[in-house]
Structure formats: C-alpha cells, structure tokens
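Novice: Sequence:
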Amino acid sequence: MTDKLDYALDLMRRLPPQKVEDNLQMLIDLCPDLTDELLSATDQPLKIVEDTQEKRSFLICDYCRDGDSYRSPFSNTYFPPFPEGNKPSAELRNLEKDLNEAFNMYREMYYEGGVHSVYVWENDNDGFAVCVLMKKTADQSKKGNPMKGTWDSINVIEVIPKGKDKAEYRLTSTVILYLETNTEATGKVSFAGSLTRQNEKTLNVVGKDAHVVNIGEFVESTESTMRRILDAIYFSKLKEITNNCRCQMGSSQQAKINDITKAINTQLRGRKDD
Numbered sequence: 014m015t016d017k018l019d020y021a022l023d024l025m026r027r028l029p030p031q032k033v034e035d036n037l038q039m040l041i042d043l044c045p046d047l048t049d050e051l052l053s054a055t056d057q058p059l060k061i062v063e064d065t066q067e068k069r070s071f072l073i074c075d076y077c078r079d080g081d082s083y084r085s086p087f088s089n090t091y092f093p094p095f096p097e098g099n100k101p102s103a104e105l106r107n108l109e110k111d112l113n114e115a116f117n118m119y120r121e122m123y124y125e126g127g128v129h130s131v132y133v134w135e136n137d138n139d140g141f142a143v144c145v146l147m148k149k150t151a152d153q154s155k156k157g158n159p160m161k162g163t164w165d166s167i168n169v170i171e172v173i174p175k176g177k178d179k180a181e182y183r184l185t186s187t188v189i190l191y192l193e194t195n196t197e198a199t200g201k202v203s204f205a206g207s208l209t210r211q212n213e214k215t216l217n218v219v220g221k222d223a224h225v226v227n228i229g230e231f232v233e234s235t236e237s238t239m240r241r242i243l244d245a246i247y248f249s250k251l252k253e254i255t256n257n258c259r260c261q262m263g264s265s266q267q268a269k270i271n272d273i274t275k276a277i278n279t280q281l282r283g284r285k286d287d
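As numbered in the working numbering, residues 14 to 287 make up the sequence shown, in order.
Check before you lean on any hint, since a few could be wrong.
Computed cross-link-like contacts, BS3-like style, restricted to lysine-lysine with a CA-CA straight-line distance of at most 27 Å [as the list claims (entries may be wrong)]: (1) K201 with K250; (2) K175 with K110; (3) K175 with K221; (4) K17 with K161; (5) K177 with K60; (6) K156 with K201; (7) K252 with K32; (8) K60 with K161; (9) K149 with K32; (10) K32 with K250; (11) K110 with K32; (12) K149 with K161; (13) K201 with K252; (14) K175 with K100; (15) K179 with K214; (16) K155 with K32; (17) K201 with K177; (18) K201 with K155; (19) K175 with K214; (20) K214 with K201; (21) K149 with K221; (22) K156 with K252; (23) K161 with K201.
Please keep in mind that the hints were generated in silico from the structure rather than gathered at the bench.
Please construct the entire structure, taking both the sequences and the accompanying hints into account.
Specialist: The following block contains the structure:
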C-alpha cells in the first residue's frame, strides 16, 4: 500500500499542475483504495465559493468541509446549508476573525486584489491549527497583453503551546503557479509548477494579538522566500533552457555564420600546414 501511494504521489508531482484535478480523478479511478490518502496529500488549485450572507467570496479546502458543505470564515455559515456542521469554539472563532482581518490587509498589500480565507480549528495536542489561503488570478488580455496566470498559496500552521508564554509554530507552505501567453510570434506557451516548503519556529506569546502577529510574520517571510526562489531559480532556469533550445536569429543567418566560421578554420589549418 505504501509503495503504491508513493508511486502515485511521485506521478502526480511529474504531471502538469494545471490538470491536477483530472489527473487525480484518473488515479482515484485506478486505485480507489487510495482515495483518502491521495486527496489529503495532493494540493489542488483553490476553488471559490460565494458567501451569500456576507456578500463576499471565500476559498474552500478540506479544513472547512463537513460532508458536502463548506464553512465560510466570514459568516461562520455552511454553504450549502448544514446546521450540524462543525464550528470552532468561541475563543478560536475570535482568533479566526482577527486573522481574516489581518490577512485581508496582507492580501491588499502584496496581491493587490484576489481572494483570501483563514480557518482555525482545534487539534489533538492541546493547541490549534490555522490554514491561510490566498488566490490571485490575473488576465492581461483585455489590456492588449495576451498573458494570464493564477497564483494559489496554501499555508497550514500547527500551533503547539510551550509553557505559559511560548508556542511552537510548524508551517507548511505550498505555492501553485500557472502562467500562459499566446502570441503570433511564440504561439501558446504555458508554465506551471508547485513549490512546498516547511519551517518551524518557537516564538513568544505575549498579549492578546500575539498569535496574529506571529502567524502573520511567519507566513509573510515564508511567502517572500518562496517568491524569490521561483524568480531566481525556476524562471532563470526556464530562460536558460529556452535560450538553449531556441536560436535568437534566423536559420539562414546562422547558416551564413557557420559557413564563414568553417572557411576561417580551413584557412587557419592551411597556414599551419604551410
């Protein structure tokens, strides 16, 4: 069972992220006994649902699902309606509200739009867990630039109390990125990938807003690092591969340069022989 799951997850890592839902469904059809493991271990592009009570959009994931319904972090209501659905305690619900307000400002500052959602729930180690979701979709085609893309950010933080004034924060962050452009010169070109990083810190918990500050700064620094990795490594490597595969000049011009180079080499060899 473990080997089969490892092979399935390894295959998912090698398939295009923009088709993860279709590929995941095909794997589940092939291995129905791995359904729960595959769903919990595979990060999928975030979906948007409308909160009709608060008149705003929210992002859904397994952490806000109960049955076939999803809880909005803004109204604390399930959609479709499910009165028996699990909800956080009053204390965690207040923390959830504060985190959503904080990450709303974070979203406006770093994403300049998009959708966010933050969920808080109890876990089994006398602490709690937090899930911070961000989604930004951009389409420049209306501005005359044939480019569109989507950024999905999934941050799961486990908070473990360490005495009265400290807590350990274990963060797992995943970014799913998809970019596409389509011009007459290049045709349709797409770039997709996902990046996951894990980190943990033990921080002071002083004051009622300590968890909000600690989680906010932790997510901010981790996402900034992941952006730099994507830019410095992945995009730079893509540019290098593209330059190696595609000549910057026409084939006829390159052929002329090759002929001249060959003629010069022949002349040089002739002089050496003399």
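Novice: Indicate, hint by hint, whether the structure satisfies it.
Specialist: Now the hints, each set against the structure:
1. Distance check on the hinted pair: K201 and K250 sit about 19 Å apart at the alpha-carbon level, within 27 Å; holds.
2. The straight-line distance between the Cα atoms of K175 and K110 is roughly 24 Å, inside the 27 Å bound, and the hint therefore holds.
3. Between the alpha carbons of K175 and K221 the distance comes to roughly 16 Å, so the proposed pair stays at or under 27 Å and holds.
4. Proposed proximity of K17 and K161 is contradicted: the alpha carbons are some 36 Å apart, above 27 Å.
5. Using a Cα cut-off of 27 Å, the hinted pair K177 and K60 is violated, with the two alpha carbons roughly 38 Å apart.
6. Between K156 and K201 the alpha-carbon distance is near 18 Å, which keeps this suggested pair within the 27 Å criterion.
7. For the given pair, K252 sits about 23 Å from K32 by alpha-carbon distance, which is consistent with the 27 Å threshold.
8. Restraint check for K60 and K161: satisfied, since their Cα atoms lie roughly 17 Å apart, inside the 27 Å limit.
9. At roughly 18 Å between alpha-carbon atoms, K149 and K32 fall within 27 Å of each other, so this suggested pair holds.
10. About 23 Å separates the Cα atoms of K32 and K250, which keeps this hinted pair within 27 Å; it holds.
11. Under the criterion of a C-alpha separation no larger than 27 Å, the hint pairing K110 with K32 is inconsistent with the structure, at around 33 Å.
12. The hinted pair formed by K149 and K161 meets the criterion: a straight-line CA distance of about 11 Å does not exceed 27 Å.
13. Among the hinted pairs, K201 with K252 is consistent with the structure: their alpha-carbon atoms are about 16 Å apart, no more than 27 Å.
14. For the hint pairing K175 with K100, the CA-to-CA distance comes to about 25 Å; that is within 27 Å, so the pair holds.
15. With a C-alpha separation of about 10 Å, the suggested pairing of K179 with K214 holds against the 27 Å cut-off.
16. Between K155 and K32, the direct Cα distance comes to roughly 25 Å. Compliance with the 27 Å bound is thereby established for this hinted pair.
17. The hinted pair formed by K201 and K177 fails the criterion: a straight-line CA distance of about 57 Å is larger than 27 Å.
18. Proposed proximity of K201 and K155 is supported: the alpha carbons are some 17 Å apart, at most 27 Å.
19. Distance restraint check for K175 and K214: the Cα-Cα separation of roughly 11 Å lies within the 27 Å cut-off, and the hinted pair is therefore satisfied.
20. The suggested pairing of K214 with K201 is violated, with an alpha-carbon distance near 43 Å, which exceeds 27 Å.
21. Taking the CA atoms of K149 and K221, the gap is near 31 Å; set against the 27 Å cutoff, the hint is violated.
22. Between K156 and K252, the direct Cα distance comes to roughly 25 Å. Compliance with the 27 Å bound is thereby established for this hinted pair.
23. Of the pairs offered as hints, the one joining K161 and K201 holds, with about 12 Å between alpha carbons and a cut-off of 27 Å not exceeded.
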